[in-house]
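Undergrad: When you get a sec, could you build the whole thing from the sequences and use the hints?
There are 2 protein chains.
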Amino acid sequence: MRDKSFLMIPGPTPVPESVLLEIARHPMGHRSSEFSKILESVYSDLKYIFQTSNDVLVYTASGTGAMDAALSNLINEGDKVLSLVIGNFSQRLAKIAKGLGADVEIIEVEPGNAIDPAVLKARLDKDVNKEIKIVTLIQNETSTGVTNDVKTLVSIIKGHGALSVVDGVTSVGAIECKMDEWGIDVLITGSQKGLMIPPGLSFLAASEKAWKVHEQCKRPDFYFNWTTNRKSVRDNSTAFTPAVSLFCGLKVALEMMKEEGLENIVARHTKIASALRAAIKAIGLKLFVTDEKYASNSITAILPPDGISVPDIRKVMKNDYDIVVANGQNALKDKIFRMGTLGFVSERDAITAIGALEATLYKLGHKFTLGSGVATLIEHLNK
Amino acid sequence: MRDKSFLMIPGPTPVPESVLLEIARHPMGHRSSEFSKILESVYSDLKYIFQTSNDVLVYTASGTGAMDAALSNLINEGDKVLSLVIGNFSQRLAKIAKGLGADVEIIEVEPGNAIDPAVLKARLDKDVNKEIKIVTLIQNETSTGVTNDVKTLVSIIKGHGALSVVDGVTSVGAIECKMDEWGIDVLITGSQKGLMIPPGLSFLAASEKAWKVHEQCKRPDFYFNWTTNRKSVRDNSTAFTPAVSLFCGLKVALEMMKEEGLENIVARHTKIASALRAAIKAIGLKLFVTDEKYASNSITAILPPDGISVPDIRKVMKNDYDIVVANGQNALKDKIFRMGTLGFVSERDAITAIGALEATLYKLGHKFTLGSGVATLIEHLNK
Chain B
1 MRDKSFLMIP
11 GPTPVPESVL
21 LEIARHPMGH
31 RSSEFSKILE
41 SVYSDLKYIF
51 QTSNDVLVYT
61 ASGTGAMDAA
71 LSNLINEGDK
81 VLSLVIGNFS
91 QRLAKIAKGL
101 GADVEIIEVE
111 PGNAIDPAVL
121 KARLDKDVNK
131 EIKIVTLIQN
141 ETSTGVTNDV
151 KTLVSIIKGH
161 GALSVVDGVT
171 SVGAIECKMD
181 EWGIDVLITG
191 SQKGLMIPPG
201 LSFLAASEKA
211 WKVHEQCKRP
221 DFYFNWTTNR
231 KSVRDNSTAF
241 TPAVSLFCGL
251 KVALEMMKEE
261 GLENIVARHT
271 KIASALRAAI
281 KAIGLKLFVT
291 DEKYASNSIT
301 AILPPDGISV
311 PDIRKVMKND
321 YDIVVANGQN
331 ALKDKIFRMG
341 TLGFVSERDA
351 ITAIGALEAT
361 LYKLGHKFTL
371 GSGVATLIEH
381 LNK
Chain W
1 MRDKSFLMIP
11 GPTPVPESVL
21 LEIARHPMGH
31 RSSEFSKILE
41 SVYSDLKYIF
51 QTSNDVLVYT
61 ASGTGAMDAA
71 LSNLINEGDK
81 VLSLVIGNFS
91 QRLAKIAKGL
101 GADVEIIEVE
111 PGNAIDPAVL
121 KARLDKDVNK
131 EIKIVTLIQN
141 ETSTGVTNDV
151 KTLVSIIKGH
161 GALSVVDGVT
171 SVGAIECKMD
181 EWGIDVLITG
191 SQKGLMIPPG
201 LSFLAASEKA
211 WKVHEQCKRP
221 DFYFNWTTNR
231 KSVRDNSTAF
241 TPAVSLFCGL
251 KVALEMMKEE
261 GLENIVARHT
271 KIASALRAAI
281 KAIGLKLFVT
291 DEKYASNSIT
301 AILPPDGISV
311 PDIRKVMKND
321 YDIVVANGQN
331 ALKDKIFRMG
341 TLGFVSERDA
351 ITAIGALEAT
361 LYKLGHKFTL
371 GSGVATLIEH
381 LNK
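So the sequence lines, in the order shown, correspond to chains B and W.
Numbers 1 to 383, taken from my numbering, label the letters of the first sequence in order.
Numbers 1 to 383, taken from my numbering, label the letters of the second sequence in order.
Source of the hints: derived by calculation from the structure; they are not laboratory data.
Careful: at least some of the hints might be erroneous.
Since the list gives no way to pick out one identical chain from another, each pair is judged satisfied if it fits inside one copy or across any two copies.
No farther apart than 20 Å at their CA atoms in a straight line, the calculated lysine to aspartate or glutamate pairs in the EDC-like style are these [stated by the list, open to error]: (1) K126 / E259; (2) K367 / D103; (3) K133 / E292; (4) K37 / E379; (5) K4 / E131; (6) K37 / D322; (7) K98 / D334; (8) K98 / E77; (9) K95 / E215; (10) K218 / E77; (11) K37 / E108; (12) K158 / D45; (13) K271 / E347; (14) K218 / D103; (15) K37 / D3; (16) K383 / E255; (17) K333 / D312; (18) K318 / E34; (19) K151 / D235; (20) K251 / E105; (21) K333 / D235; (22) K133 / E260; (23) K251 / D3.
TA: Structure follows, in structure tokens:
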């Protein structure tokens with residue numbers, strides 16, 4: 001049905017109507033006092049979302065732009081980087097580091113798994129000469145629905161002395177992530193995820209220690225340069241012409257987030273995603289992430305039942321119920337499908353999604369107790 | 001008056017209502033077939049706007065991002081670059097080249113002037129060993145309202161054999177710019193100018209010759225990488241999550257431009273800007289660009305009359321008539337003000353602007369024949 005489409009992918013995610021209306025306004029001049037006030041509000045609220053006292057830089061770019069910005073402001077040719085890879089997006093950080101001329105070592109696990117803190121500790125303990133300068137990792141691997149134990153991993157990295165660069169694209173503003181308390185050195189995220197606006201902006205904050213390393217970076221990228229961008233943040237301005245419409249929408253979205261409160265937002269994501277997982281199991285489907293401890297609260301990856309294909313499930317969900325769920329990526333294409341419960345998502349949306357998934361599986365001939373998914377979901381939501 | 005603000009700055013520029021409404025729609029999934037169709041249409045129409053058969057890459061980034069993309073995909077450390085500087089934005093290309101480790105030589109003229117083709121020719125003729133690899137230049141210098149004779153300059157660069165990298169941010173889609181016919185090697189532009197959408201996207205096309213040089217680039221930036229971005233263009237996709245809302249708006253804006261026709265668009269800009277310049281002179285104000293041959297048809301820089309300050313003019317224009325005009329930049333701050341007639345601008349807008357400028361100057365005590373600006377404007381528009 002036209003205009004009825006509902007996104008349950010890991011981004012873009014649903015955008016509140018009040019944010020859309022703000023984005024629809026005629027763009028204002030980016031050097032006006034009116035826009036400067038919007039920036040002041042946005043920059044302040046972002047510190048709350050990042051749980052940091054560091055400045056949060058905003059790039060007009062997608063999340064990958066912020067990943068690039070993170071590493072191209074730190075790495076000199078030949079620097080040793082350790083990349084913890086659990087899927088496509090954590091792999092991308094390793095690729096970027098390599099492209100910058102770093103000597104990249106990778107610790108990789110099978111998709112669906114998280115990094116074992118003991119493995120990281122053992123590797124860093126062996127680095128007695130402290131050659132490893134940067135460790136890259138992801139909090140929430142969008143391609144598999146795995147959440148790393150960033151708090152523990154970062155504490156190990158801190159113990160070693162390397163910088164931690166954390167991709168928080170599908171976690172910040174959804175899953176607990178305390179930049180300052182946990183001691184994360186560089187944290188990035190995107191706009192079309194927990195922050196509830198369309199894609200086009202990305203965000204980066206860096207610790208004092210990371211800023212010192214940045215000062216030694218010989219060829220920081222011009223557009224993503226931390227120094228020039230921070231100077232503008234401190235002037236309630238932007239270094240280059242920003243996507244003003246998205247900033248105006250972001251201001252409203254951040255106000256909504258403050259009103260709900262970050263702890264409540266995290267609790268909402270936890271409750272909805274864990275209830276969703278229980279419901280998925282109740283209708284006889286398997287979760288791709290078997291260890292509940294590492295199951296993401298923003299993205300759930302699901303195996304199709306025997307004899308029913310991922311494309312068929314996605315097609316019926318989309319054509320008959322106007323719900324868009326994501327396929328797997330690369331080697332996982334057609335092996336899993338992924339449901340996002342990220343950002344502007346309510347209990348009602350989870351009921352809708354599980355109800356529609358039941359209807360889809362019913363049509364496709366899957367044998368299960370019709371209604372059991374919704375029943376389990378409601379029970380878990382009301383535990 | 002609330003919601004009455006009208007932008008006559010060099011960007012963001014006015015956005016048509018049908019484009020704003022498109023942008024206001026709920027974002028769609030960027031890997032959907034629906035979005036792929038939008039990309040197909042956008043990529044095809046951009047070739048028409050760029051007057052090229054080369055692929056046009058689209059970055060989710062502001063214009064400076066595309067400037068960065070142009071040079072970071074070509075330059076290796078130590079490469080010799082000649083930068084033709086006529087103001088802040090052409091200066092920026094030189095800065096980016098330096099940041100990439102290039103050996104940058106600058107030919108600079110006083111603000112308000114264009115590059116003399118003879119000076120460029122003399123310099124390139126001296127480069128008998130063909131050491132200069134790239135020449136950077138701007139078509140329309142936003143900070144001063146000067147338009148270089150790109151056709152002639154590029155033909156000289158072509159004769160030498162270096163690559164021409166042209167900043168067309170405030171010219172493409174407004175001022176005549178024929179990439180293939182003129183032999184431009186790299187051409188970039190932004191979204192919030194001639195293309196009539198809000199800021200957040202930027203564009204780059206490169207000649208076959210430039211692509212060959214790119215292949216030799218040792219460390220192209222990851223996010224802006226030409227190769228990965230072109231591959232996605234050819235798949236009617238994007239390398240990374242794009243600003244989907246802006247792309248949807250862009251599709252509509254490009255359709256409007258095709259309907260009007262590029263030649264008609266250029267003629268409209270020429271007519272409105274030249275009439276505006278005549279009107280400015282009729283009310284006793286001086287143009288910053290004295291040589292009409294180099295006067296920009298998208299931005300007009302104006303000197304305030306004796307005894308009246310630029311901030312006062314801008315203040316009355318904004319507070320009493322809700323028209324935003326730009327100040328000068330850096331050394332030109334408070335020395336000139338700049339009116340954009342760029343993109344979605346009609347004859348009616350020019351009448352509005354000159355009428356309001358007359359009213360402003362009348363209030364501020366400037367002595368002139370009231371009505372003479374509007375009269376001259378109308379006469380010139382109807383020549």
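Undergrad: Would you mind marking each hint as holding or not holding in the structure?
TA: Now the hints, each set against the structure:
no.: 1; hint: K126 / E259; in the structure: neither (46 Å within a copy, 66 Å between copies)
no.: 2; hint: K367 / D103; in the structure: neither (52 Å within a copy, 70 Å between copies)
no.: 3; hint: K133 / E292; in the structure: neither (32 Å within a copy, 57 Å between copies)
no.: 4; hint: K37 / E379; in the structure: neither (45 Å within a copy, 42 Å between copies)
no.: 5; hint: K4 / E131; in the structure: neither (54 Å within a copy, 59 Å between copies)
no.: 6; hint: K37 / D322; in the structure: between (39 Å within a copy, 19 Å between copies)
no.: 7; hint: K98 / D334; in the structure: neither (30 Å within a copy, 47 Å between copies)
no.: 8; hint: K98 / E77; in the structure: both (9 Å within a copy, 18 Å between copies)
no.: 9; hint: K95 / E215; in the structure: between (23 Å within a copy, 18 Å between copies)
no.: 10; hint: K218 / E77; in the structure: both (9 Å within a copy, 12 Å between copies)
no.: 11; hint: K37 / E108; in the structure: neither (45 Å within a copy, 37 Å between copies)
no.: 12; hint: K158 / D45; in the structure: neither (27 Å within a copy, 51 Å between copies)
no.: 13; hint: K271 / E347; in the structure: within (9 Å within a copy, 58 Å between copies)
no.: 14; hint: K218 / D103; in the structure: both (16 Å within a copy, 15 Å between copies)
no.: 15; hint: K37 / D3; in the structure: between (34 Å within a copy, 17 Å between copies)
no.: 16; hint: K383 / E255; in the structure: neither (29 Å within a copy, 53 Å between copies)
no.: 17; hint: K333 / D312; in the structure: within (13 Å within a copy, 62 Å between copies)
no.: 18; hint: K318 / E34; in the structure: between (41 Å within a copy, 12 Å between copies)
no.: 19; hint: K151 / D235; in the structure: neither (32 Å within a copy, 40 Å between copies)
no.: 20; hint: K251 / E105; in the structure: neither (40 Å within a copy, 43 Å between copies)
no.: 21; hint: K333 / D235; in the structure: between (46 Å within a copy, 18 Å between copies)
no.: 22; hint: K133 / E260; in the structure: neither (38 Å within a copy, 56 Å between copies)
no.: 23; hint: K251 / D3; in the structure: between (25 Å within a copy, 18 Å between copies)
Violated hints for the displayed structure, listed by number in ascending order: 1, 2, 3, 4, 5, 7, 11, 12, 16, 19, 20 and 22.
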